[in-house]
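Participant: Take a look at the letters that make up each chain.
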Amino acid sequence: MEQNYQVSENLQSQAQHYQQLSRTVSRDKFAEQISRADSKAVLVAWKDGKSVIGALSFMPDDMPYLPKTKDFPILTTGPDKLHILTGGIVNTKYGNILIANRTDHFSAMLDKFVSASATAIMVTIIVALAMGYVFSKTILSRLTHYNRLSEEIEQGRYDTRFPLSWRNDEFDVLANQFNKVLDTLENNLMAIRGITDNIAHDLRTPLSHLRIGIEQLINQPADNIHEHCANLLEELDHCLSTFDAMLSLTRIEEGQLELERQPVSLHTICHDLQDMAEALAEMNQQKLNIELGNDYTLNADKHLLFQALFNLVDNAIKYSGENATIEIHQDGCHLKIIDNGPGIPDEFKDKVFDRLVRLDPSRHHQGTGLGLSMVKAILTRHNANISLSDNHPGLIVSIDF
Amino acid sequence: MKVLLVEDDATTLDYIVKGFTEQGHNIETANDGHQGLLLATSNQYDLIILDRMLPSLGGLKLLAAVRATGNQTPVMLLSALSHVDERVKGLRAGGDDYMTKPFAFSELLVRCEKLMQRGHTQPMQTHLKAGPLEMELLTRNVTLDGQEIMLQPKEFQLLKYLMEHVNQVISRTLLFEAVWDYHFDPRTNVIDVHIAKLRRKFEELGHGELIETVRGAGYRLRQRN
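Which chain is which? The protein sequence lines are A and B, in order. For the first sequence, counting from 1, position 395 maps to 395 in my numbering; every step adds exactly one. For the second sequence, counting from 1, position 199 maps to 600 in my numbering; every step adds exactly one.
It is worth saying that the hints were derived from the structure and are not from the lab. Bear in mind the structure is a predicted one, so any value in this text is a computation, not a measurement. Note that CB positions come from ideal geometry on N, CA and C, so glycine has one too. Accuracy of the hints is not assured; some may be wrong.
Unchecked claim - Residues on chain A that point at chain B, a partial pick, calculated with CB under 8 Å:
| no. | residue |
| --- | --- |
| 1 | CYS239 |
| 2 | SER241 |
| 3 | ASP275 |
| 4 | ALA279 |
| 5 | HIS303 |
| 6 | ASP390 |
Claimed, not checked - Straight-line Cα separation of at most 20 Å, EDC-like style, residue types lysine to aspartate or glutamate; simulated pairs:
| no. | chain 1 | residue 1 | chain 2 | residue 2 |
| --- | --- | --- | --- | --- |
| 7 | A | LYS336 | A | ASP400 |
| 8 | A | LYS318 | B | ASP593 |
| 9 | B | LYS490 | A | GLU253 |
What the hints assert, rightly or not - Using C-beta positions, here's what the derived DEER-type ranges look like:
| no. | chain 1 | residue 1 | chain 2 | residue 2 | range |
| --- | --- | --- | --- | --- | --- |
| 10 | A | ASP223 | B | GLY471 | 49 to 57 Å |
| 11 | B | LYS462 | A | ALA230 | 36 to 44 Å |
| 12 | A | PRO345 | B | GLY547 | 50 to 58 Å |
| 13 | A | ILE214 | B | LYS462 | 35 to 43 Å |
| 14 | A | GLN155 | B | GLU514 | 55 to 63 Å |
| 15 | B | ALA465 | A | ILE225 | 43 to 51 Å |
| 16 | B | SER443 | A | GLN155 | 53 to 61 Å |
Start from the sequences, fold in the hints, and give me the full structure.
Facilitator: Have a look at this one:
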């Protein structure tokens with residue numbers, strides 16, 4: 001509509017122009033003007049006698065007078081050979097002239113515009129679909145991947161972890177969280193596995209001793225049976241206490257055990273340590289000295305804490321040898337247990353806290369190999385820090401509450 | 402004394418019944434929690450021995466129900482679960498003492514007798530005597546064959562416990578708890594060393610045989626008749 005309106009406006013103004021021209025100029029000048037008319041703005045033809053002057057080489061028939069218009073086709077030598085013109089007849093002083101406008105420009109433009117927009121929309125839709133497809137495909141494939149991984153985990157491969165991408169998107173946050181959960185689960189599982197292995201390892205030996213002992217009981221002379229049974233009972237008790245220690249250790253390490261906290265004074269603990277351990281030291285011809293600074297009261301499970309500290313003092317007595325001196329130094333929240341025995345080589349200082357590690361290869365001293373693991377677990381539960389250092393010679397165990 | 406035993410394991414049940422009957426106690430039994438609760442609330446006992454894991458009604462629930470009725474009968478808990486956990490939980494639930502399975506009967510008996518005595522106030526003892534040994538609790542004076550012996554505080558406490566349970570086998574755990582206010586298995590010869598010191602002091606006066614080592618069980622203070 002807009003196009004038609006513009007075309008007829010244009011034609012009208014041109015028509016007026018030529019009507020005026022015919023009134024002011026001579027016939028020859030008029031002809032010259034027509035032949036020189038800018039064919040870009042408008043096409044003009046004037047049938048002067050037989051020949052046709054202007055941009056058009058012929059005058060189509062049945063053209064209406066302006067402002068009525070009619071479309072008619074023409075042939076040109078240009079690239080777009082067929083053109084559609086809209087035009088009409090104007091009556092001037094020198095006769096009828098045809099004024100026409102190329103309308104296929106507009107329609108072509110319109111067509112081009114329509115097709116361009118259509119293409120653009122199509123492309124947009126296709127690209128959107130493609131992107132959507134790719135996007136959903138990626139998400140779906142990640143989900144499927146996660147699903148497959150979780151199936152693997154279900155089947156017992158607990159070391160499986162969800163992959164993290166560079167995107168750091170919600171999936172990665174989720175995967176990261178899952179991985180953390182898996183880490184914790186795996187650690188717990190390993191701990192439990194470790195315990196079952198340890199139980200199998202460390203309890204089989206005493207149990208097989210027991211079996212042998214009971215077998216031999218049948219052939220024992222009657223007066224020997226009492227002594228023999230006592231041996232077996234001792235072996236069995238050791239076995240049971242190892243078992244109990246393993247269970248307790250796990251429960252303390254994993255925080256399942258509720259601590260029975262109460263205010264505990266380090267002075268009291270140290271005095272009790274001395275009280276209990278002095279006789280042990282005397283038996284080995286060792287000296288046990290105690291040096292107390294400012295008292296410190298902490299909220300602790302006194303049974304567990306004492307057990308841990310006594311274990312350390314007991315170890316110092318057991319392993320520092322005859323005539324050694326063992327010292328308990330306390331000042332504020334710092335506690336040190338110092339001996340001048342052989343000490344522990346640097347490379348073993350970290351290992352001694354592991355389960356079932358025993359530096360005494362002959363296993364001369366009866367123990368479970370869990371003592372220091374228990375010490376560490378108990379102190380950790382009390383937020384205390386334990387470290388080993390050299391006394392040149394000897395060992396310094398430092399505990400900071 | 403009248404004792405109620407609630408235990409579902411037949412072997413343990415027979416073992417305890419036999420032991421208590423031999424000691425002259427009157428013992429009644431229940432195999433599950435409900436029956437146990439029924440007996441505990443309808444009869445009067447001097448002691449209830451209660452297993453933690455029972456069919457139909459758990460030991461701790463039973464205990465809570467008994468205590469809810471205002472019944473203050475001493476309760477000894479038995480448990481097959483780990484040592485450290487049980488003490489806190491069992492005692493918090495209203496138990497008076499606990500033992501983990503397996504246990505030596507002698508230790509169970511000592512602990513149970515201690516609980517049963519609690520309800521029956523006895524005249525304050527100030528003097529203990531076991532064979533040639535005499536102990537004044539107020540002055541902390543100990544004599545052997547009339548001769549005074551010097552004891553360190555812990556040695557005194559150990560000897561006192563042994564004299565209170567003369568002729569009974571006392572486990573190291575019992576001695577440990579009697580002397581030190583800590584509950585754990587020291588897994589060391591700390592008690593043996595203290596007993597050895599005590600024994601050396603007796604030996605000097607020619608009585609090394611007084612404290613007997615019972616292998617696989619503990620110590621016993623012998624009083625010859």
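Participant: Take the C-beta atom of B/SER443 and the C-beta atom of A/GLN155, compute their distance, and say whether it sits inside 53 to 61 Å.
Facilitator: holds (55 Å)
Participant: Per the CB criterion, is A/SER241 less than 8 Å away from chain B?
Facilitator: holds (6 Å)
Participant: Tell me if the interface restraint on A/ASP275 is satisfied: Cβ within less than 8 Å of some Cβ in chain B.
Facilitator: It holds, given that the least Cβ distance between A/ASP275 and chain B is near 6 Å, below 8 Å.
Participant: For the restraint on A/ALA279, tell me whether the closest CB of chain B is nearer than 8 Å.
Facilitator: Cβ of A/ALA279 sits 4 Å from chain B, so the hint holds.
Participant: Do the beta carbons of A/ASP223 and B/GLY471 sit within 49 to 57 Å of each other?
Facilitator: holds (55 Å)
Participant: Is the hinted range of 36 to 44 Å satisfied by the C-beta distance from B/LYS462 to A/ALA230?
Facilitator: holds (39 Å)
Participant: Given a hinted range of 55 to 63 Å, is it respected by the beta-carbon distance of A/GLN155 and B/GLU514?
Facilitator: holds (56 Å)
Participant: Are A/LYS336 and A/ASP400 close enough, with their CA atoms no more than 20 Å apart?
Facilitator: holds (9 Å)
Participant: Assuming the hint says 43 to 51 Å, is it satisfied by the Cβ distance from B/ALA465 to A/ILE225 or not?
Facilitator: Between B/ALA465 and A/ILE225, where Cβ atoms are some 45 Å apart, the hint holds.
Participant: Between the beta carbons of A/ILE214 and B/LYS462, is the distance compatible with 35 to 43 Å?
Facilitator: holds (38 Å)
Participant: Using the nearest Cβ pair, does A/HIS303 come within less than 8 Å of chain B?
Facilitator: This interface hint holds because 5 Å falls under the 8 Å limit.
Participant: May I ask you to test the interface hint for A/ASP390 with respect to chain B, counting a Cβ-Cβ separation under 8 Å as satisfied?
Facilitator: violated (25 Å)
Figure legend: structure checked against the earlier numbered hints; hints not met, in rising order: 1, 6.
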